[in-house]
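Q: Let the hints inform the model, and build the full structure from the sequences given.
Here the protein sequences line up with chains L and H, keeping their order.
If you're matching positions, the first sequence starts at 0 in numbering that gives the first Met the number 0 and goes up one per residue.
If you're matching positions, the second sequence starts at 0 in numbering that gives the first Met the number 0 and goes up one per residue.
Everything labelled a hint here was simulated from the structure, so no lab data went into it.
Think of the CB as a built atom: it goes at the ideal place given N, C-alpha and C, for glycine as much as any other residue.
Accuracy of the hints is not assured; some may be wrong.
Straight-line C-alpha distance at most 25 Å; calculated DSS-like pairs for lysine-lysine [unchecked claim]:
1) H/441 x H/426
2) L/55 x L/24
3) H/415 x H/443
4) H/405 x H/415
5) L/151 x L/140
6) L/151 x L/179
7) H/443 x L/65
8) L/227 x H/75
9) H/201 x H/302
10) L/151 x H/426
11) H/443 x H/405
12) L/179 x L/140
13) L/66 x H/415
14) L/140 x H/37
15) H/405 x H/425
Chain H regions said to be covered by chain L (calculated; three or more residues, Cβ under 8 Å) [said to hold, decoys possible]:
16) 12–19
17) 30–41
18) 48–61
19) 97–105
20) 328–340
21) 423–435
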Amino acid sequence: MATIFTCDDSLEGILTCIYDAWASKLGQQNIRLLIEPVVEYELFCDYRHTDSDSHKANNVIDSIQKKISSYAYQMVYRCAMSASPDKADIIYRFLLLGFHYGRQITDMIQFPAVSAIFEINRAVGNEAHFFREFVRFLNMKGNVLAAHIEPKSDVLIFIAPHFADRMPSENWMIIDDNRKSAVIHPADQEYYLTSLSDDEFLRLSHLEDSDDPFIDLWKEFFETIAIKPRENYRCQRNLFPIRYRRHVTEFIPPG
Amino acid sequence: MELIDQNLSLQDKLHILADAAKYDVACTSSGVDRRGRKGSLGNSCADGICHSFSADGRCVSLLKILQSNECVYDCKYCLNRAGNDRVRTTFSPEDICQLVIEFYRRNYIEGLFLSSGVVKNPAYTMELMYHSIYMLRNQYHFNGYIHVKAIPNAPQELIEKLGYIVDRMSINLELPTAEGLQELAPHKTQSSILTPMALVQKGIAEHRLSVGKDALMDRSSANRYLSETIFDTAQPSRIHESSAYHAGITSTSSGTDSLIPAPSFSAPSISRPDPFVPAGQSTQMIIGATGENDYQLLTTTQKLYQQFDLKRVFFSAYVPLNEDAHLPSLDTAPPLLREHRLYQADWLLRFYGFQAQDLLTADRPNFNIFLDPKCDWALRHLEIFPVEVNTADYATLLKVPGIGNKSAYRIINARKGGNLDFDALKKIGVVLKRARYFITCKGKMQYHLRIEEDFITRQLTGEEHHSAWDIEHPQTYQQLSLFDTQFAVH
Chain L
0 MATIFTCDDS
10 LEGILTCIYD
20 AWASKLGQQN
30 IRLLIEPVVE
40 YELFCDYRHT
50 DSDSHKANNV
60 IDSIQKKISS
70 YAYQMVYRCA
80 MSASPDKADI
90 IYRFLLLGFH
100 YGRQITDMIQ
110 FPAVSAIFEI
120 NRAVGNEAHF
130 FREFVRFLNM
140 KGNVLAAHIE
150 PKSDVLIFIA
160 PHFADRMPSE
170 NWMIIDDNRK
180 SAVIHPADQE
190 YYLTSLSDDE
200 FLRLSHLEDS
210 DDPFIDLWKE
220 FFETIAIKPR
230 ENYRCQRNLF
240 PIRYRRHVTE
250 FIPPG
Chain H
0 MELIDQNLSL
10 QDKLHILADA
20 AKYDVACTSS
30 GVDRRGRKGS
40 LGNSCADGIC
50 HSFSADGRCV
60 SLLKILQSNE
70 CVYDCKYCLN
80 RAGNDRVRTT
90 FSPEDICQLV
100 IEFYRRNYIE
110 GLFLSSGVVK
120 NPAYTMELMY
130 HSIYMLRNQY
140 HFNGYIHVKA
150 IPNAPQELIE
160 KLGYIVDRMS
170 INLELPTAEG
180 LQELAPHKTQ
190 SSILTPMALV
200 QKGIAEHRLS
210 VGKDALMDRS
220 SANRYLSETI
230 FDTAQPSRIH
240 ESSAYHAGIT
250 STSSGTDSLI
260 PAPSFSAPSI
270 SRPDPFVPAG
280 QSTQMIIGAT
290 GENDYQLLTT
300 TQKLYQQFDL
310 KRVFFSAYVP
320 LNEDAHLPSL
330 DTAPPLLREH
340 RLYQADWLLR
350 FYGFQAQDLL
360 TADRPNFNIF
370 LDPKCDWALR
380 HLEIFPVEVN
390 TADYATLLKV
400 PGIGNKSAYR
410 IINARKGGNL
420 DFDALKKIGV
430 VLKRARYFIT
440 CKGKMQYHLR
450 IEEDFITRQL
460 TGEEHHSAWD
470 IEHPQTYQQL
480 SLFDTQFAVH
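A: See the structure below:
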């Protein structure tokens with residue numbers, strides 16, 4: 000009978016779950032890991048919930064960094080930020096191999112367990128990069144720049160340093176509408192991540208300054224820069240997928 | 000003939016001057032890493048960041064505008080040629096600074112690309128551009144990417160001064176041969192283009208040496224595993240300024256009303272000198288306006304990389320804008336597939352250790368429209384295939400169609416931990432539909448295939464046909480529908 004360990008959707012939760020799965024000594028072929036909420040329960044399975052425990056999670060992080068490599072920990076971290084429902088199990092399988100082979104495991108893509116985490120890792124990295132490109136700030140009253148994004152993965156932590164370096168003396172915030180969380184950067188200070196209450200979230204979604212003249216100027220530029228005889232909307236869609244256009248100034252129809 | 004309207008709004012000006020600038024292809028923001036600074040706005044990433052993609056699928060990274068579309072030159076292919084009846088306007092430096100800063104804050108752009116028509120004379124134009132960029136850097140504290148076009152025949156000291164406040168400078172070669180230039184751009188000569196190019200190259204080399212780097216620009220780090228790249232055989236030549244060049248300057252700068260009081264300039268005397276054009280130089284050639292073949296274009300490209308240490312050479316498919324006896328007719332479609340093949344070949348030169356002579360020869364001067372240059376090359380060199388993936392070195396792997404830099408690198412690292420099979424290659428990112436004819440895994444090919452030129456050519460052209468057609472006909476693609484009006488019977 001298979002045992003399924005379940006945990007909440009956070010890095011700490013996943014790593015605690017891996018710690019418990021490992022400590023249970025049930026044998027890896029008899030174990031699976033799942034993120035809560037579990038949608039479809041299976042018959043003939045023993046479900047075990049694990050509570051997040053920072054001590055256990057830190058132990059796992061230490062082991063990854065010491066016995067595999069800090070690069071492996073980076074991969075695990077990125078994977079934990081993805082929206083994949085199998086991510087806990089994928090990380091677990093990767094670490095099983097990792098603790099056996101050591102630091103070279105991150106290159107051994109020929110193992111399905113490694114190529115699985117490699118792929119998720121790449122998807123999260125790519126998505127974060129897309130948002131570095133496609134975040135659009137709106138100039139709100141009081142000279143605060145605010146941007147809304149709706150990413151699949153939790154990318155705020157990956158894009159915040161980029162904008163903090165680029166606009167150190169501006170007030171800006173990026174709001175993840177899917178997770179109701181935000182990164183907030185007051186001018187000339189450190190940025191911080193925070194989750195938003197429903198009330199705060201609602202207030203932030205109505206603050207935009209719609210008579211910003213630079214919105215029209217930018218649209219004008221964007222329309223003008225395309226060369227008619229070279230028009231190629233399919234190429235444009237490949238490079239700027241539709242799902243990223245939701246909050247992008249030049250794709251929002253006027254009015 | 001020329002209508003200069005003083006009452007244009009900022010939006011009108013932006014429309015006119017972006018419209019006039021868009022045929023310049025270089026829009027990359029790559030080549031330099033620079034951290035942000037408190038009190039300033041902006042940083043720079045060596046990999047470059049695209050911020051949007053316009054309806055033609057080209058990346059929008061920089062605010063690409065002209066300082067002015069007034070022009071005293073009459074280059075036949077250019078929208079802004081003096082003979083064209085167009086509304087002429089000029090951005091003030093404040094206009095440019097405001098647009099850049101406000102666009103950048105909203106994360107619309109990565110920086111500024113500033114070019115210009117020639118107002119009055121090259122010296123006056125270059126000063127105007129210098130003034131805008133100087134203001135942007137020093138009054139508006141902009142620390143992001145700036146790419147500036149050097150104007151042929153502009154004074155040397157202005158180009159030097161600009162070099163210290165911009166990231167990339169480029170001078171368009173426009174046409175690969177002197178005759179072509181003579182015909183289409185009678186006011187420009189090849190020496191008026193190559194002399195400033197050599198000047199900037201010298202400035203870059205001197206700066207790099209002064210901070211303890213190699214004189215030549217950094218290239219892809221993986222090139223060190225390749226034996227004979229075009230950069231190994233590069234012998235940077237120092238072109239001496241010709242007397243004709245100096246004569247040209249004195250005659251043009253004499254009647255200039257100066258915007259900047261002090262003409263003499265030396266690099267700021269701080270311990271570490273300001274970088275000089277840190278992201279390197281680039282240039283652009285127009286494809287299809289004159290009769291050059293691909294071989295001429297590619298050898299010119301290679302020479303530019305070797306002799307002038309350019310960071311990039313761009314190709315621009317000729318879009319007919321003017322009617323002229325010397326130009327292709329107005330209904331000519333831009334040669335997009337040819338442009339695409341040239342870029343593919345350019346990548347082969349810079350990252351794959353190929354030389355122009357490997358890809359084309361004087362007898363075979365044009366690219367195969369049915370096959371990409373690497374497949375084409377591989378089919379002519381079947382004697383080195385198949386390659387055993389588990390033992391071949393990096394340079395050999397790179398020669399296989401369907402294996403790129405990243406997948407070659409991953410193969411080398413992954414096989415240390417055990418042999419690779421075709422499934423693993425697929426996960427690594429190898430394009431098996433091309434590579435399968437040229438590789439073995441543990442001594443076996445994926446299918447029992449003949450290594451025979453005609454057979455593989457037929458297979459590969461079948462695969463390539465669709466993508467080639469799509470590139471050449473970007474707008475005609477549509478799915479056939481029962482209710483299509485075009486096909487309805489009247």
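Q: If a hint holds in the structure, say so; if it does not, say that too.
A: Status of each hint after checking the structure:
no.: 1; hint: H/441 x H/426; in the structure: holds (17 Å)
no.: 2; hint: L/55 x L/24; in the structure: holds (16 Å)
no.: 3; hint: H/415 x H/443; in the structure: holds (19 Å)
no.: 4; hint: H/405 x H/415; in the structure: holds (16 Å)
no.: 5; hint: L/151 x L/140; in the structure: violated (29 Å)
no.: 6; hint: L/151 x L/179; in the structure: holds (13 Å)
no.: 7; hint: H/443 x L/65; in the structure: violated (39 Å)
no.: 8; hint: L/227 x H/75; in the structure: holds (20 Å)
no.: 9; hint: H/201 x H/302; in the structure: holds (16 Å)
no.: 10; hint: L/151 x H/426; in the structure: holds (23 Å)
no.: 11; hint: H/443 x H/405; in the structure: holds (23 Å)
no.: 12; hint: L/179 x L/140; in the structure: holds (22 Å)
no.: 13; hint: L/66 x H/415; in the structure: holds (19 Å)
no.: 14; hint: L/140 x H/37; in the structure: holds (23 Å)
no.: 15; hint: H/405 x H/425; in the structure: holds (13 Å)
no.: 16; hint: 12–19; in the structure: holds (count 4)
no.: 17; hint: 30–41; in the structure: holds (count 8)
no.: 18; hint: 48–61; in the structure: holds (count 12)
no.: 19; hint: 97–105; in the structure: holds (count 5)
no.: 20; hint: 328–340; in the structure: holds (count 3)
no.: 21; hint: 423–435; in the structure: holds (count 3)
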